[in-house]
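Going down the list, the sequences are from chains A and B.
Sequential numbering from 199 applies to the first sequence in my numbering.
Sequential numbering from 7 applies to the second sequence in my numbering.
Errors might be hidden in some of the hints.
In silico lysine-lysine, BS3-like type, Cα no more than 30 Å apart, as pairs [said to hold, decoys possible]: (1) B/Lys16 with B/Lys57; (2) B/Lys57 with A/Lys248; (3) A/Lys251 with A/Lys285; (4) A/Lys289 with B/Lys682; (5) B/Lys682 with B/Lys386; (6) B/Lys386 with A/Lys251; (7) A/Lys248 with B/Lys386; (8) B/Lys57 with B/Lys365; (9) B/Lys57 with A/Lys254; (10) A/Lys251 with B/Lys57; (11) B/Lys268 with B/Lys296; (12) B/Lys33 with A/Lys251; (13) B/Lys386 with B/Lys128; (14) B/Lys33 with B/Lys57; (15) B/Lys442 with A/Lys262; (16) B/Lys109 with B/Lys386; (17) A/Lys254 with B/Lys442; (18) B/Lys442 with A/Lys248; (19) B/Lys33 with A/Lys248; (20) B/Lys442 with A/Lys251; (21) A/Lys285 with A/Lys248; (22) B/Lys16 with B/Lys33; (23) B/Lys386 with A/Lys254; (24) B/Lys386 with A/Lys289; (25) A/Lys262 with B/Lys109; (26) A/Lys274 with B/Lys386; (27) A/Lys289 with A/Lys254; (28) A/Lys254 with B/Lys33; (29) B/Lys386 with A/Lys262; (30) B/Lys57 with B/Lys357; (31) B/Lys442 with A/Lys274; (32) B/Lys386 with B/Lys442; (33) A/Lys274 with A/Lys285; (34) A/Lys248 with A/Lys289; (35) A/Lys262 with B/Lys33; (36) A/Lys285 with B/Lys386.
It is worth saying that the hints were derived from the structure and are not from the lab.
Predicted model, so just to flag it, every value in this text is computed and none were measured.
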Amino acid sequence: MRYQIQPEDRMLVDEFRQNPYGRHSPGLLRVLNRMRGAPLDGKYVLVCTKPFKEWKLAIHGDRKRPIEILHDHVFKSREEAEWAVFKLRWKALTGEELN
Amino acid sequence: MLELIGYADKFSVAPGEAIEFKVSAFKGQRFRAEIVRLIHGDANPEGPGYKHAPVPSPIEGEYQGRNQPIRAGSFGVVPHHPAFAALESFTLMAMVWPTTPAKGRQAILALGDDLALAIGDKGGLVGQIGATTLESEAPLHERHWYLAALTFDATTGTATLIQRPLLAYPGGADAAMASASATRPDLAGADLLIAAEGSPRRSHLNGKIDSPRLLARALPPERLEALLVRPLPADLLPDLAFAFDFAQGTRTTRIHDTGPHKLEGQLEHLPARAMKGWCWSGEEMCWWRKPEHYGAIHFHADDLFDAGWATDFAFTVPDDLRSGVYAAHVWCGDAEDGTQEDLIPFFVRPKRGDRDRPKLAFLAPTAAYMAYANDQNHIKGDAAEMVIGRLVTYQPSDIFLYDHPELGLSLYDRHADGSGVCYSSRHRPILNMRPKYSSWLGATGSGLWQFNADLHITDWLESHMAVEFDVITDEDLHAEGLALLEPYDVVITGTHPEYHSTHMWDAMRAWIDRGGRLMYVAANGWYWRIAFHDELDGVIEVRRAEDGIRTWEADPGEYHHSFTGEYGGLWRRQGRPPQALLGIGFMAQGFDICSYYRRQPDSHDPRAAFVFEGVEDDIIGDFGLIGGGAAGLELDAIRHDLGTPPHTLVLASSEAHSDVIMLVNEEFGVVPPNLKGSEHPNVRADMTFFDTAAGGAVFATGSIAWCGSLSWNGYDNNVSRITGNVLRRFLDPTPFS
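The whole structure should be built from the sequences, with the hints applied where relevant.
Structure follows, in structure tokens:
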């Protein structure tokens, strides 16, 4: 079965915020695999709008709908985008708002 | 979105020869064109940045663009024969294995506009004779064999449609028969189309067809199976119009009729051949040992061999143009996101027959470029984000590919019907083989993969080492074998030379055995066996058999290449593991961040002294444009039991990988719980060196990311130093021991 995020996973949020890529604790990787393994329809992806300078959040439509670019979600780095998406997914999975 | 894209009729071109470029400008805009030499394709501001040099040429100028569409979908066509037009009563029949019966109308056999046997909108068979349509109300099951037949009795004016499953389930809900009055179809001038109908072609079939038959007699339904008997029952022979045997000519694009007229047809867009037919039993797994079990062709509505665009301009390579990596640059504007330009890469190889060459060649892994051409695992794969450990990032060309599946698939994709893509061609725009392109797959930082990552190597050779070198390609190596390599003392690979034909493999082995010195600055090389086609250029085949990192799995009984008859799959499964050729072989993969190497005791062996000249560091490559380190993406390591030569020196090994990097599945049988980078001792790259009896040698880095570190700190770093030391020593003819 798919992992369900638990209350004690809250302590992993800072670890992700400090370092969104790479060597993560097993607990954080389990949370991330839950988030990243979502089905394509409705999944967040990034769209590079200016090479190495600007990215926008977008929603995958599983080829049934065009990729929907969210023009008000603009990022100057991919790390910033990772954190924004983590917060959105955390909210969706736990109901909790992260700051 | 992208405003123009293009492709060339070849990857590799020699001085004195012409290469043709085909462009589609979607709004019919005018565009400009020039030839450029590609120097550095990585636009990452932390590195040298994008660099190309214009090459003055007669093609420079402005062109009137045009929209050139792509019509994907394979089919067969058999030119009209008078026997068609002469038909009175008839039986039209085939065995069919539909893979998407619910997709809507899909043609099985069509003769002109007046006669068709098809799958209808309700998912059952449809027969069409003139104005009469017969339709089965019983939907076909996916991946089940059916006898499909349409008969017409001219004496009674009765048409009958028969849908007969080979497997019977309780209730028999997928069998059907329907009859109606009809008039004789007008087949004057009608061609026979297989798996499509109409002009332009439409109603492409997803699925297999086996044994199409046409008999000038209306067989009663209970006798239809007689048309599959070999030899054909004698009483049917006088009325036989055609009986195609798709097992004949498997290596070609032709289909053959065993009937009295010996009809021949042509297959377009490479449907899959050497496919199990309706009577495959499992007693034989190889198509050419029992062709009567392999009478099927698998057609796909998304097969694409050749986009077929018209040529916009041709460039004849001047005799004095140096060998290298080039592109036709076409543009209709200067949008910052690159959507108003395309750079269509090509390789200028040395003049044919000229053996007075520089001592060094870069072997561009064009077979791997073809294998990955328009890879869509970031568009269609749920697991993509987990595998790369970060958000999937789309470039404008990825969005274009998302919107335009007709650009065709890579060997990593599945067709829309779920079957694996076993052929990939370069006769179409390849959006992920471009300078400036960042791939979803290529780690944090620059995110390069394959072609654009390989420009890190040619840039380093030119901008830092200032060494003369030729560029040769996989296709040249397949065509010319050892003779292509003979002029060179040293060959340097691309970052991920994964796909090799038998001829390519043999040529590299022979060259190393004769004293060649190979720099394998790569990982996951010499992994899959591929086949090239006897007649068509620019297309390769893979059968993802048995084992390995597979994004699809070949069906049992379909492990042999249709292009050659060879057994497909991993070279390791042919008794030729990469370790036996290179010293190391594929061990682990993961696409998030990259790590570093630590020197090993062998690095202090006098035999390896040249490698570390001027390098005091114990840690190698803890920096780089690809994932921040020289060790990552895919990793190779030694295994003496798989053929690593016993005298191989392990100079350095990588460590501290993330847990997104994991052991590859051919490395374990029972699944152990410690597959991840932080736990498994074999999740590592080994940097190795060995020499050969004839004075040859192999230096291997075991990491796809290695070359992303070459330019770090203005090329002044230990990765560049080590690679340079090896190159200089390899170019020095002095024996190693």
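Going down the list of hints, with the structure as the test:
1. B/Lys16 with B/Lys57: Status holds; Cα separation ~23 Å.
2. B/Lys57 with A/Lys248: Distance ~18 Å between B/Lys57 and A/Lys248 Cα, so the pair holds.
3. A/Lys251 with A/Lys285: Answer holds: A/Lys251 to A/Lys285 is near 22 Å, not above 30 Å.
4. A/Lys289 with B/Lys682: Distance of about 29 Å is within 30 Å: holds.
5. B/Lys682 with B/Lys386: Given pair B/Lys682, B/Lys386 holds - Cα atoms ~25 Å apart, limit 30 Å.
6. B/Lys386 with A/Lys251: This hinted pair holds, its Cα atoms lying about 26 Å apart.
7. A/Lys248 with B/Lys386: 24 Å, holds
8. B/Lys57 with B/Lys365: Holds. B/Lys57 to B/Lys365 sits at ~25 Å (cutoff 30 Å).
9. B/Lys57 with A/Lys254: 27 Å, holds
10. A/Lys251 with B/Lys57: Cα-Cα ~18 Å, so holds.
11. B/Lys268 with B/Lys296: With Cα atoms ~22 Å apart, B/Lys268 and B/Lys296 stay inside 30 Å; holds.
12. B/Lys33 with A/Lys251: 28 Å, holds
13. B/Lys386 with B/Lys128: Measuring from Cα to Cα gives roughly 27 Å; hence the hint holds.
14. B/Lys33 with B/Lys57: Satisfied, since the Cα-Cα distance of roughly 29 Å is no more than 30 Å.
15. B/Lys442 with A/Lys262: 29 Å, holds
16. B/Lys109 with B/Lys386: 18 Å, holds
17. A/Lys254 with B/Lys442: Answer holds: A/Lys254 to B/Lys442 is near 19 Å, not above 30 Å.
18. B/Lys442 with A/Lys248: At roughly 12 Å apart (the allowed maximum being 30 Å), A/Lys248 and B/Lys442 satisfy the hint.
19. B/Lys33 with A/Lys248: Between B/Lys33 and A/Lys248 the Cα gap is close to 23 Å, so the pair holds against 30 Å.
20. B/Lys442 with A/Lys251: 14 Å, holds
21. A/Lys285 with A/Lys248: 24 Å, holds
22. B/Lys16 with B/Lys33: 26 Å, holds
23. B/Lys386 with A/Lys254: 20 Å, holds
24. B/Lys386 with A/Lys289: 26 Å, holds
25. A/Lys262 with B/Lys109: Given pair A/Lys262, B/Lys109 holds - Cα atoms ~14 Å apart, limit 30 Å.
26. A/Lys274 with B/Lys386: OK: A/Lys274 and B/Lys386 at ~27 Å, within 30 Å.
27. A/Lys289 with A/Lys254: Cα-Cα ~20 Å, so holds.
28. A/Lys254 with B/Lys33: 26 Å, holds
29. B/Lys386 with A/Lys262: Holds, at roughly 11 Å.
30. B/Lys57 with B/Lys357: Cα-Cα ~26 Å, so holds.
31. B/Lys442 with A/Lys274: Measuring from Cα to Cα gives roughly 19 Å; hence the hint holds.
32. B/Lys386 with B/Lys442: 23 Å, holds
33. A/Lys274 with A/Lys285: It holds: about 17 Å lies between the C-alpha atoms, which stays within 30 Å.
34. A/Lys248 with A/Lys289: 29 Å, holds
35. A/Lys262 with B/Lys33: 25 Å, holds
36. A/Lys285 with B/Lys386: With Cα atoms ~25 Å apart, A/Lys285 and B/Lys386 stay inside 30 Å; holds.
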